[in-house]
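Trainee: Single-letter residue listing:
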Amino acid sequence: MSILPVTIFFSLSLAVITVSCSSPTSAVKPIEISQTGKSQQTVQIIIKFRNNSDPSKSDFVKELSRDAHAPLFYIRPMSGGAHVFGITGATESTAEILRRLRTRHDIEYVEQDSIMQPAVN
Amino acid sequence: MTEKMKRTLREAVLVIIISLGLSTTFPSLLLAANNGNIIPHPQAYTGQLIVKYRDSSMVKAAAAGDTRAKATALARLNTLTAEAGAKISHVRFMSGNGHVVKLPRLMTIAEANAVAGRLKSDPNVEYAEPDTLMFPMLVPNDTYYANQWNYMSPTTVAGGANLPGAWDITTGSSSIVVAVIDTGILPNHPDLFGRTVQGYNFISNAIMAGNGVGRSSDPTDLGDWVTSAESADSSSVLYKCTEEDSSWHGTHVAGTIGASSNNSEGVSGINWVSKILPVRVLGKCGGYTSDIVDGMRWAAGLDVAGVPANTNPAKVLNMSLGGSDECGATFQGAINDIIAAGATIVVAAGNSNTDVSNATPANCTGVISVAAVNRVGGRAFYSNYGTGIKIAAPGGEMASSTDANGILSTLNSGTTTASTYTYQYYQGTSMAAPHVSGIASLVLSLNPSLTPSQVLSVLQSTARSFPTGTGSSKGDCTTSLCGAGIIDAAAAVQAVPAIITTSEITGITTKAATGGGSNISAGSAITAKGICWSTSPNPTTANTRTSNGTGTDSFTASITGLSPNTTYHVRAYATSSAGTSYGSDFTFTTAPSTLLPTLTTTPADTISTTSASSGGIVTSDGGSSLTAKGICWATTANPTTANNYTAEGAGSGAFTSLITGLTANTTYHVRAYATNTTGTAYGLDQNFTTSPSSPPSVTTASVSGITTTSAIGGGNVTLGGGSTVSPRGVCWSTSSNPTTSDNCSSNGTGTSTFVSSITGLSAGVTYHARAYATNSNGTSYGNDTAFTTLTAATAPTIITTMPIKSITTTSATAGGNVISDGGSNVTGRGVCWSTSINPAIGGNCTSDNSGTGKFTSSITGLATGTQYYVRAFAMNAKGASYGKNVAFKTGKRPVKFILYPPR
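Chains C and Y, in that order, give the protein sequences.
Read in our numbering, the first sequence has 114 at position 114, and its numbers run on one by one without any break.
For our numbering, add 1000 to where a residue sits in the second sequence, where the first one is 1.
I should point out that these hints are in silico values taken from the structure, not numbers from a laboratory.
Check each hint, because a few of them may be wrong.
Unchecked claim - Using C-beta positions, here's what the derived DEER-type ranges look like: (1) N1565/Y x S56/C: 53 to 63 Å; (2) D106/C x A1341/Y: 24 to 34 Å; (3) I1508/Y x S56/C: 51 to 61 Å; (4) G86/C x D1403/Y: 39 to 49 Å; (5) R104/C x T1365/Y: 18 to 28 Å; (6) N1565/Y x R104/C: 58 to 68 Å.
Treat the numbers as computed from the prediction; the structure is a model and nothing was measured.
Ideal Cβ positions, reconstructed from N, Cα and C, are used throughout, including at glycine.
Please work from the sequences and hints to get the whole structure.
Mentor: Rendered as structure tokens:
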């Protein structure tokens, strides 16, 4: 693991911690894959591919999982041409998984499917 | 003010509106006459001033009917006109010794104030001011309206959004839909019932949705409570979620945007008419971005796979939600798509008291991020801030859960599932955002064509400056912290640019067309309208334009001065205090110039020495009616109507013309012509040569009226032979084929029939007659006609003695019939009688006129009982002739009987 991904990992983790400790009005859902061991929580990510390939095919999902070093599973297509994937039981942090996936040339963008909260105080 | 006073004032206002013809200019203001306080319309226009002279006695006397004082007062108007720089005229004297004067036109208050200012420079004028139109301010009658400080005018509550002034102009439009992207709503809340259109539940996770299935067509908020057990269950999707009761957050937000209003119940909403589109994206523990952006796109009318199309696309999306992160590609992509679709996205800035750049989707490009202010207009302690904020709105700031400094709206008392419908105070940028969404929907209600950036511009340009010295815990708002200012609904709707639809272009000719404008509305009075046109796209009032008055009525306008066959762009325009707006750019092309007619020339035929026949066929009138057609000819090529020509009337088609007055043996050129509004066109040049010169052609008429010495002849000159026929007549002789060397008559000139007298003939002689005609080329003759004169005259031989009638003892009636005069006039006739046969002239005869025919003779002086012989006679120059003898016997004298009397 390079220094840069670690930096990203910690910065994201800090953001999560900050939000989870503050009011519930503006927080990303505090579900995160632990640094050690497998998390049984499902993290959702959004991937938009550059081509029109069918990302729901099992072979393609396996390929993505191999590149991400995490067990991805296909959830559903989104409006706007992106797709929702789930990750359960990953050993890597979400940030690292996203970093690995961003190295694929067929991915336009990939980001965590963050959870939004009502902005009531 | 008592109700009676209010009613009287309302009536007065209506009278003023009608008298000034403003009923169409301020339609929504008339609706406002049912409610609340009376206020001057902030963007009012007036056509009158009130002037008070220092010497009030004059006006007082004039008002009392003093004609001299009235004349003096009116005379002063001339002075005032000069001082005012505008024509003013008398309207009436008013109470308090004031004088109402009329301005030359409808003026803005600023313009009227300028005129009044000039009048006040007159030392005789105590004061002069605009006769301002007053309007009732629309205040809803909802039970808890008084608790909704967040709607109040800034003169009442510094942090208020100033709704009443906006409601005077619009309370919304049914064509506008506002989406509430939230926890869903409780559609059966008494203050929301009937205020929604069909929404959708986009929460994919069945547990978070709380419905066991995930996505569904039911956007009802089922509650978003999380129990401690759920939060502690590591196998649950709700693991580590904050333990909390149901918020009914979407219901609260929806109530602010559009609760049923002026219904004497609950709270008021900002938009009373437009419908709410509930889009459920937040459930237990919040909502995934992936579900939220699907809900956003769907709300704006964009496609989402697996979800029925939204038949009520929203023009405004309210998103009182967020999280801490950068604006991701997922959010930004959806926001870009939605803005491109024309929908405005309003997002709560977040409640972390931090820079909004860390709150998404408030930090995304293109959204209206909203900070919260408290009752006094200071920044709410929780509100995010920063240069990323676009505008501030009331979000409340509460010291306790029941603190009335929060935002009161629709809610439910259920801590898990829904229970009792209530109204509660909430605080947050979640509460500020729906103020902006609601006001944006009012703006769009006046002008649905505004783009999201235009909506933002209207809201920001009319936002109020932040008050200072608010004493708020986080200090005053500034433009670098809380956006352009505090949203001001009244100012915003008044700043809405007019909307106008360009009417279809009709009546297009080569030089003109008819256009117009319709569907005109605005947040302030329309002070000018018309159409403008140019050969370039998107013409403006700087181009050629019409002026079609003021107000919101539709109009038609004439587009003139155009060039043929040219494409023009036309837009209707409407001007209000917010500027000039334009309808869509319509293009049209003027009709091409009328073409010349097309035609052919018919080759000449029936050619003689002096005439010929030609004509033409007009195959096209060139697009306009023919005004003339015919042929023209000359001895040179390509003759025109400047030469000899015929006129065969208007209309297309074939025609024939006779060409006359030609010279024999000459070549002529002929062309058909046709004229329309564009000009005269010609067919191809056709030439012909007239026949050479020749003697005339003549025929001989049959001879009639033959006597012993004369007869009637004649002839017909059918062709002149190319020169003047003279003389003409009949020649006769006892020899055949008489010539002009014989006896001839002379009977005029030219080509026509003629009659000739043949005289000096001898009786009983056979003659030959021929018509002749002479021109410069010689003499022609008709056919030889022979006839024989009558023989010399004889005594009338054909005479009949008529039977004797009316025989008495001494008289009888006789007569005769002269059938023929024997070739000489009958000069005498009658009957002769005698007791001997063959009585003759010289005996007893009557004389019974002359001539042929029947006659009656009276025979008298006869002897009784005597037989007589009678003959008719007739005499002419040759003697007398007699009819046959007719005998008769006179009667006997009758016997006279004497009757003796009886014995």
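Trainee: Each hint should be assessed against the structure and marked as holding or not.
Mentor: Hints, one by one, checked against the model:
Taken as a hint, the range 53 to 63 Å holds for the pair N1565/Y and S56/C, whose Cβ atoms sit roughly 59 Å apart. Taken as a hint, the range 24 to 34 Å holds for the pair D106/C and A1341/Y, whose Cβ atoms sit roughly 28 Å apart. The beta-carbon spacing between I1508/Y and S56/C, approximately 57 Å, falls within the hinted interval of 51 to 61 Å. Evaluation of the 39 to 49 Å hint for G86/C and D1403/Y yields a pass: the beta carbon distance comes to about 43 Å.
Taking the beta carbon of each, R104/C and T1365/Y are about 26 Å apart, inside 18 to 28 Å as hinted. About 60 Å separates the C-beta atoms of N1565/Y and R104/C, a value consistent with the hinted range of 58 to 68 Å.
The structure meets every hint from the earlier list without exception.
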